Amino acid sequence: MPTVFEMIINGDIPSKKVYEDDAVLAILDINPRAKGHTLVISKKVYPTISEAPEDLIAHMFSVVKKIDSAMRINLKAEGTNVIINNSSASGQEIPHLHIHVIPRKSDDGLSFFPPVCKYEEGEIDRYRSLIEIK
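The UniProt record's numbering applies: residue 1 is where the sequence shown begins, and numbers increase by one.
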């Protein structure tokens, strides 16, 4: 069964497009966290960033940069949140790679970060060694 994003890309579901090329589609989110909340969606289905080719990821972020610029200039955003929910454990609802670009203002009342967690004694070094890229 196609994802909702595939149906949007195919024109089966209407959307409010802000950008499109051969590889990506950017649309306004219909359930925005802030007005102007945009989704940059890969046209080819990759469930998470781990499966996507690096050139596509780089291209998607170049589109994100352009959208960020438009938000700062035209929406007077003071900043943006750029978010990828990467698998259902992180809150990804649609298994199709997409990047959220959310315009922000200092007084908007939004918060996206979970509470801070603490490392036990010596635990941070173990995590560093598990994540370190060699």
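Honestly, I wouldn't trust all of these hints.
[Claimed, not checked] In silico DMTMM-like links for lysine to aspartate or glutamate, alpha-carbon gap of 25 Å or less:
id	residue 1	residue 2
1	K66	E120
2	K16	D29
3	K35	D55
4	K76	D22
5	K76	E54
6	K16	D108
7	K35	E51
8	K35	E93
9	K44	D29
10	K66	D55
11	K16	E93
12	K66	E20
13	K44	E54
14	K65	E20
15	K134	D29
16	K44	D107
17	K105	E120
18	K35	E132
19	K65	E121
20	K43	D29
21	K16	D68
22	K65	E54
23	K65	E123
Simulated from the structure, these hints should not be mistaken for lab results.
Keep in mind the model is a prediction, meaning the values are calculated, not measured.
How the hints compare with the structure:
| no. | hint | verdict |
| --- | --- | --- |
| 1 | K66 with E120 | 41 Å, violated |
| 2 | K16 with D29 | 8 Å, holds |
| 3 | K35 with D55 | 30 Å, violated |
| 4 | K76 with D22 | 29 Å, violated |
| 5 | K76 with E54 | 31 Å, violated |
| 6 | K16 with D108 | 23 Å, holds |
| 7 | K35 with E51 | 30 Å, violated |
| 8 | K35 with E93 | 20 Å, holds |
| 9 | K44 with D29 | 19 Å, holds |
| 10 | K66 with D55 | 17 Å, holds |
| 11 | K16 with E93 | 20 Å, holds |
| 12 | K66 with E20 | 12 Å, holds |
| 13 | K44 with E54 | 13 Å, holds |
| 14 | K65 with E20 | 14 Å, holds |
| 15 | K134 with D29 | 38 Å, violated |
| 16 | K44 with D107 | 37 Å, violated |
| 17 | K105 with E120 | 35 Å, violated |
| 18 | K35 with E132 | 38 Å, violated |
| 19 | K65 with E121 | 39 Å, violated |
| 20 | K43 with D29 | 16 Å, holds |
| 21 | K16 with D68 | 17 Å, holds |
| 22 | K65 with E54 | 17 Å, holds |
| 23 | K65 with E123 | 36 Å, violated |
The earlier numbered hints that this structure contradicts are 1, 3, 4, 5, 7, 15, 16, 17, 18, 19 and 23.
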